[in-house]
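*Asks:* Based on the sequences and whatever the hints tell you, model everything.
Those protein sequences? They're chains B and P, same order as listed. Following the numbering used here, the numbering of the first sequence begins with 2 at its first residue and continues without gaps. Following the numbering used here, the numbering of the second sequence begins with 384 at its first residue and continues without gaps.
Each hint should be verified, as a subset may be incorrect.
To be verified - One side only, chain B facing chain P, incomplete, derived with CB under 8 Å:
1. Q4
2. S19
3. E82
4. P88
FYI, nobody ran anything at the bench for these hints, they're computed from the structure. Given the structure is predicted, the values throughout are model-derived calculations rather than measurements. Beta carbons: idealized from backbone N, C-alpha and C, even for Gly.
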Amino acid sequence: MRQVMNILKKECGLYFISPIAYIVISIFLLVTGWFFFSTFFLYNQADLRNFFNLLPLIFSFVVPAVTMKLFSEELSAGSYETLLTLPVTFSDVILGKFLAAVVFVIAMLVPTLAYPITVSFLGQLDWGPVAGGYIGAVLLGAAFSAIGLFASSLTRNQITAFIIGMTICFGMTLIDKMLFFLPLSILGFLQFIGADFHFQNISKGIIDSRDILYFLSVTFVALFGAHLVMQEKN
Amino acid sequence: MIHVESLTKYYNDLCAVDQISFDIKTGEILGLLGPNGAGKTTTLRMLTGFIHPTSGNISVKDFNIDEHPLEIKKLMGYLPESAPLYHDMLVYDYLSFVLSIRGIGVEKKTPRIHKLADLCGINEIMHKPVGELSKGYRQRVGLAHAMMSDPEILILDEPTSGLDPNQIVEIREIIRRIGKEKTVILSTHILSEAEATCDRIIIINHGRIVADGSAETLKQSASGEYLINILLKNAEFKSVKDELLSIDGIKSVTPIENEEYLQVKLLCKSPSDLRGNIYRKIKQTDWILVGFYRETRTLENIFRELTREV
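*Replies:* Next comes the structure, spelled out in structure tokens:
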């Protein structure tokens, strides 16, 4: 656990000393802010449903961009070798890097708290769905971070890692919107796989153990995948 | 200290390391020599646990690398080839990260970093990002990284590559100083370096050990052959050749172009020094002896003989 903390600290440091972190956060805020507030006054409703509706889609682009460098950069620079010959295990490295990505996602979400605060001045805001939405957003961010981390472990090219990660996240977000084309027999199963489906449940303010379990299992499977990839490289 | 037994590594179908076995004692400085692609780096990477051998066994102290990789990693400091480090990190931050990973407490951290910064000569660049450093400085930071926790075993993959001659001498001195108490394994293809720093040299070619021993024993043992150079005046090559070939142990006499004198090179194969016999032979003739010396076999010759493509 001590080693996980050390790697987490190092990765966070690497995130926030590079300008890319601030660029990604700015773009994220710009996109969400625009999509949310451009239609907010048309709806004339004091809630954040629009924001949370869009979040999975935006996350499926932004989170893989955050995680793409985690392994790829080390593999191409060769520092992977230096890191792995230090007394750390694969799980230490994976957990450290994963938690750093989660910290980054949280750092990205914190400024968006300005939205509910603004909205609460404009009307009666129900804080339940907002709290649910943020819990869901962190879980979703964690699941997508794990997927992005897995994608990053596959290749030494950051762009490839980004595209792989984005494709998986994007597919998981959209799968329950494509159910129309899919055979009826596996419909229920495919809907259950969809990340958006579970996220929308939570963001309505209903915290169901099934949804939480879903995000945790996606996270676990992706991290385990990264572990297998590391073992294969060894 | 380190025991390696029939270590083998295949990359798909390519055999990089083939049945290598050796033992390293505490306090030994071992040089791994070989041409490019001989399997030096692969061997070192397997020793550090970075890659897994296809077959074979490595144990350090009483730890087996399969069962206790963490314990072994704790004992080792490793400088990979061309010192890959985090480009965006400051040198100080990087070294301090290494110390935390190695489990060295906060209060011991600063003195340790200061000590190694002095030792490796990186004081002025402590607050620069690693990516901005020159090759030589990066190599020194890599060396500081490897020695950070004062490990019992130091594994250095081409430690002096990219350094200027002054730094090379410094680094060699550092290695020799550490080698008094620690076990050092280094790979290089600079022969003079191996000769100057290592107690023991292992030459590998195509993944196999072709020679193992100190520089001195390697020089002597290489098939018992040696060369003698003679410079003569007032002599004919043909008669010189006939006379000298009659000495037992002289295999061949070859002329060497020389404007003033007659110069010949004798290939001798004999456990004893044949110079006495040659001298006596020359004394019986009326040749004038101008020069007479035995060529010392250099490690270079031995290396070339052992690793020549057949």
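*Asks:* Could you run down the list of hints and mark each one as holding or not?
*Replies:* Going through the hints against the structure:
{"no.": "1", "hint": "Q4", "verdict": "holds, 6 Å"}
{"no.": "2", "hint": "S19", "verdict": "holds, 6 Å"}
{"no.": "3", "hint": "E82", "verdict": "holds, 5 Å"}
{"no.": "4", "hint": "P88", "verdict": "holds, 4 Å"}
Against the hints set out earlier in the document, no violation occurs for any number.
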